[in-house]
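Trainee: Residue numbers (numbering that gives the first Met the number 0), protein chains in the order written: chain Z, 0 to 197; chain F, 0 to 85.
Honestly, the hints are just simulated from the structure, not real lab data.
Where hints are given, some of them may not hold.
EDC-like, lysine to aspartate or glutamate: derived pairs with alpha carbons at most 20 Å apart [as the list claims (entries may be wrong)]:
{"#": "1", "chain 1": "F", "residue 1": "Lys-72", "chain 2": "Z", "residue 2": "Glu-47"}
{"#": "2", "chain 1": "F", "residue 1": "Lys-52", "chain 2": "Z", "residue 2": "Asp-156"}
{"#": "3", "chain 1": "Z", "residue 1": "Lys-196", "chain 2": "Z", "residue 2": "Asp-147"}
{"#": "4", "chain 1": "Z", "residue 1": "Lys-48", "chain 2": "Z", "residue 2": "Glu-139"}
{"#": "5", "chain 1": "F", "residue 1": "Lys-52", "chain 2": "Z", "residue 2": "Glu-158"}
{"#": "6", "chain 1": "F", "residue 1": "Lys-68", "chain 2": "Z", "residue 2": "Glu-32"}
{"#": "7", "chain 1": "F", "residue 1": "Lys-71", "chain 2": "Z", "residue 2": "Glu-32"}
{"#": "8", "chain 1": "Z", "residue 1": "Lys-167", "chain 2": "F", "residue 2": "Asp-19"}
{"#": "9", "chain 1": "F", "residue 1": "Lys-72", "chain 2": "Z", "residue 2": "Glu-139"}
{"#": "10", "chain 1": "F", "residue 1": "Lys-11", "chain 2": "F", "residue 2": "Glu-32"}
{"#": "11", "chain 1": "Z", "residue 1": "Lys-196", "chain 2": "F", "residue 2": "Glu-80"}
{"#": "12", "chain 1": "F", "residue 1": "Lys-68", "chain 2": "Z", "residue 2": "Glu-50"}
{"#": "13", "chain 1": "F", "residue 1": "Lys-52", "chain 2": "Z", "residue 2": "Glu-164"}
{"#": "14", "chain 1": "F", "residue 1": "Lys-83", "chain 2": "Z", "residue 2": "Asp-55"}
{"#": "15", "chain 1": "Z", "residue 1": "Lys-72", "chain 2": "Z", "residue 2": "Glu-164"}
{"#": "16", "chain 1": "Z", "residue 1": "Lys-177", "chain 2": "Z", "residue 2": "Glu-139"}
{"#": "17", "chain 1": "F", "residue 1": "Lys-51", "chain 2": "Z", "residue 2": "Glu-51"}
{"#": "18", "chain 1": "F", "residue 1": "Lys-11", "chain 2": "F", "residue 2": "Glu-70"}
{"#": "19", "chain 1": "F", "residue 1": "Lys-41", "chain 2": "Z", "residue 2": "Glu-189"}
{"#": "20", "chain 1": "Z", "residue 1": "Lys-167", "chain 2": "Z", "residue 2": "Glu-50"}
{"#": "21", "chain 1": "Z", "residue 1": "Lys-143", "chain 2": "Z", "residue 2": "Glu-132"}
{"#": "22", "chain 1": "F", "residue 1": "Lys-51", "chain 2": "Z", "residue 2": "Asp-193"}
{"#": "23", "chain 1": "F", "residue 1": "Lys-52", "chain 2": "F", "residue 2": "Glu-80"}
{"#": "24", "chain 1": "Z", "residue 1": "Lys-72", "chain 2": "Z", "residue 2": "Asp-9"}
{"#": "25", "chain 1": "F", "residue 1": "Lys-71", "chain 2": "Z", "residue 2": "Asp-55"}
{"#": "26", "chain 1": "Z", "residue 1": "Lys-46", "chain 2": "F", "residue 2": "Asp-48"}
{"#": "27", "chain 1": "Z", "residue 1": "Lys-63", "chain 2": "F", "residue 2": "Asp-19"}
{"#": "28", "chain 1": "F", "residue 1": "Lys-72", "chain 2": "Z", "residue 2": "Asp-147"}
{"#": "29", "chain 1": "Z", "residue 1": "Lys-15", "chain 2": "F", "residue 2": "Asp-48"}
{"#": "30", "chain 1": "Z", "residue 1": "Lys-177", "chain 2": "F", "residue 2": "Asp-19"}
{"#": "31", "chain 1": "F", "residue 1": "Lys-71", "chain 2": "Z", "residue 2": "Glu-47"}
Among the chain F residues that face chain Z by a calculated CB cut under 7 Å, a handful are [what the hints assert, rightly or not]:
{"#": "32", "residue": "Asp-19"}
{"#": "33", "residue": "Arg-31"}
{"#": "34", "residue": "Ile-54"}
{"#": "35", "residue": "Tyr-60"}
{"#": "36", "residue": "Leu-79"}
{"#": "37", "residue": "Val-81"}
Here are some chain F residues the structure puts well away from chain Z; computed CB gaps all over 10 Å [claimed, not checked]:
{"#": "38", "residue": "Arg-15"}
{"#": "39", "residue": "Cys-30"}
{"#": "40", "residue": "Lys-41"}
Heads up, the beta-carbon is just placed ideally off N, CA and C, and yes, glycines get one too.
Here are the chains, one letter per residue:
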Amino acid sequence: MVNTTSHSPDNTLIRKAQAGDSHAFAELVKRYEQTVYGFSFKVCRNKEKAEETLQDTFINVYRKLDQFNGESKFSTWLYSIVTNNCLMRRRKRKIDEQMVYLDEPPIGDDEAHDRLTIPSWNETPAEELMRGELRSHLDEAIQKLPLDYRIVFVLRDIENKGAEETAKILKLSVPAVKSRLRRARIFLRERLNDYMKQ
Amino acid sequence: MKKTHRRTIQCKSVYRHICDNLDADLNSQKCREIKAHIKKCKNCTAYLDSLKKTIRLYRTYPVPTVPAKTEKKLFAAISLEVAKAR
């Protein structure tokens, strides 16, 4: 049987899936499974959790597909489901011991801040990223970043979503997205500074 | 003659601006002042550089692809859900 769905636009697949076409739904899953899995991994840094979030997300998509009315892009809707699953996962855990709180200012008093000499960072060749030590520093730093900030950082700086789309995905205002992103960037930079400086 | 005192832009406000507008090529008066400050200030240059590197490191961190076993489990779970709905 010829596969007539593999090049169809998302909206065509969605309409067919909403009408009960399971092949169309399967094609939609194949099209976005890496996006969802990759995003989940970037947020939780754990393959098992990413796998669970992947499954939860597409089950949710199947159950709620008739609610998708095409007003936003399918990917925006999909990201809102997967981020919600990431947040739900945190609520189910009693305490996430790794996370710290971002209430305190990330840098010291104003005068000291202006007197500090900011050291330059080492250049990091791509090969070095493959090495365990750097990767574990990156994992450790982002896992300490509170999930609400981590998700914004991943959406904006890694997935390259714009501020407005991120705000839509997370049901936040654009200023709230910008504020969380700023604090996330500062937090991660500070956490990596000791390892990276020359 | 009245002297006009101009507040010199401080590193702290530069850091805040950098964090908010990392990749934007903005052209307001404030942005031009900040760009000029960064050119002359080693601290701010290093800070901007370290922020960009932080983001670049996370962007280029290798992400695993969906394992075949995981995909199989996913489609099995979806099939169950489809069967339940019928």
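Trainee: Now tell me if each hint is right for this structure.
Mentor: Checked hints:
Taking the CA atoms of Lys-72 (chain F) and Glu-47 (chain Z), the gap is about 12 Å. The hint holds against a cut of 20 Å. At roughly 12 Å between alpha-carbon atoms, Lys-52 (chain F) and Asp-156 (chain Z) fall within 20 Å of each other, so this suggested pair holds. As the CA atoms of Lys-196 (chain Z) and Asp-147 (chain Z) are separated by approximately 28 Å, the hinted pair breaks the 20 Å bound. Taking the CA atoms of Lys-48 (chain Z) and Glu-139 (chain Z), the gap is about 16 Å. The hint holds against a cut of 20 Å.
A distance of roughly 16 Å separates the Cα atoms of Lys-52 (chain F) and Glu-158 (chain Z); the hinted pair therefore holds under the 20 Å criterion. Annotation: proposed proximity of Lys-68 (chain F) to Glu-32 (chain Z) holds, straight-line Cα distance about 13 Å (limit 20 Å). Restraint check: the Cα-Cα separation between Lys-71 (chain F) and Glu-32 (chain Z) comes to about 12 Å, which is no more than 20 Å; the hinted pair holds. Restraint check for Lys-167 (chain Z) and Asp-19 (chain F): the C-alpha separation of about 19 Å stays at or below 20 Å, so the hint holds.
For the hint pairing Lys-72 (chain F) with Glu-139 (chain Z), the CA-to-CA distance comes to about 29 Å; that exceeds 20 Å, so the pair is violated. For the given pair, Lys-11 (chain F) sits about 14 Å from Glu-32 (chain F) by alpha-carbon distance, which is consistent with the 20 Å threshold. In summary, the hint linking Lys-196 (chain Z) to Glu-80 (chain F) is not supported, as the alpha carbons are separated by about 51 Å, beyond the 20 Å threshold. Proximity of Lys-68 (chain F) to Glu-50 (chain Z) is assessed by CA-CA distance (about 10 Å); at most 20 Å being required, the pair is judged to hold.
With a C-alpha separation of about 24 Å, the suggested pair Lys-52 (chain F) and Glu-164 (chain Z) falls outside the 20 Å cut-off, and the hint is violated. Of the supplied pair hints, the one linking Lys-83 (chain F) and Asp-55 (chain Z) holds, its CA atoms being roughly 16 Å apart against a limit of 20 Å. Distance check on the hinted pair: Lys-72 (chain Z) and Glu-164 (chain Z) sit about 10 Å apart at the alpha-carbon level, within 20 Å; holds. The hinted pair formed by Lys-177 (chain Z) and Glu-139 (chain Z) fails the criterion: a straight-line CA distance of about 23 Å is larger than 20 Å.
For a cut-off of 20 Å, the pair hint linking Lys-51 (chain F) to Glu-51 (chain Z) is broken: about 32 Å separates their Cα positions. Distance hint between Lys-11 (chain F) and Glu-70 (chain F) is unfulfilled; the C-alpha atoms sit about 48 Å from each other, more than 20 Å. A distance of roughly 18 Å separates the Cα atoms of Lys-41 (chain F) and Glu-189 (chain Z); the hinted pair therefore holds under the 20 Å criterion. A hinted pair counts as satisfied when its Cα atoms are at most 20 Å apart, and Lys-167 (chain Z) with Glu-50 (chain Z) does not qualify at roughly 25 Å.
A hinted pair counts as satisfied when its Cα atoms are at most 20 Å apart, and Lys-143 (chain Z) with Glu-132 (chain Z) qualifies at roughly 17 Å. Among the hinted pairs, Lys-51 (chain F) with Asp-193 (chain Z) is consistent with the structure: their alpha-carbon atoms are about 16 Å apart, no more than 20 Å. Of the pairs offered as hints, the one joining Lys-52 (chain F) and Glu-80 (chain F) is violated, with about 44 Å between alpha carbons and a cut-off of 20 Å exceeded. The suggested pairing of Lys-72 (chain Z) with Asp-9 (chain Z) holds, with an alpha-carbon distance near 9 Å, which does not exceed 20 Å.
Only pairs whose Cα atoms come within 20 Å are accepted, and Lys-71 (chain F) paired with Asp-55 (chain Z) is accepted, the gap being roughly 14 Å. Restraint check for Lys-46 (chain Z) and Asp-48 (chain F): the C-alpha separation of about 31 Å exceeds 20 Å, so the hint is violated. Our distance criterion of 20 Å between C-alpha atoms is broken by Lys-63 (chain Z) and Asp-19 (chain F), whose separation comes to about 35 Å. About 29 Å separates the Cα atoms of Lys-72 (chain F) and Asp-147 (chain Z), which puts this hinted pair outside 20 Å; it is violated.
With a C-alpha separation of about 48 Å, the suggested pair Lys-15 (chain Z) and Asp-48 (chain F) falls outside the 20 Å cut-off, and the hint is violated. Of the supplied pair hints, the one linking Lys-177 (chain Z) and Asp-19 (chain F) holds, its CA atoms being roughly 7 Å apart against a limit of 20 Å. Pair hint Lys-71 (chain F) plus Glu-47 (chain Z) holds up; C-alpha atoms about 15 Å apart against a cutoff of 20 Å. Interface restraint check for Asp-19 (chain F): the shortest CB-CB distance to chain Z comes to about 6 Å, inside 7 Å, so the restraint holds.
With a least beta-carbon distance of about 21 Å to chain Z, the hint placing Arg-31 (chain F) at the interface is violated under the 7 Å criterion. The beta carbon of Ile-54 (chain F) comes within 5 Å of a beta carbon in chain Z, closer than 7 Å, and the hint placing it at the interface holds. Given hint, Tyr-60 (chain F) at the interface with chain Z, holds; its Cβ is 6 Å from that chain's nearest Cβ, closer than 7 Å. For Leu-79 (chain F), the interface hint is violated, the least distance from its beta-carbon to any beta-carbon of chain Z being 9 Å, above 7 Å.
Nearest Cβ of chain Z to the Cβ of Val-81 (chain F): about 6 Å, under the 7 Å cut. The hint holds. The claim that Arg-15 (chain F) lies off the interface is violated: its Cβ sits roughly 7 Å from the closest Cβ of chain Z, which falls inside the 10 Å cut-off. Its beta-carbon lying about 16 Å from the closest one in chain Z, Cys-30 (chain F) satisfies the requirement of being farther than 10 Å from that chain. Remark: the non-interface label on Lys-41 (chain F) conflicts with the geometry, its nearest Cβ contact in chain Z lying 8 Å away (cut-off 10 Å).
Violation of the numbered hints given earlier is confined to hints 3, 9, 11, 13, 16, 17, 18, 20, 23, 26, 27, 28, 29, 33, 36, 38 and 40; the remaining hints are satisfied by the structure.
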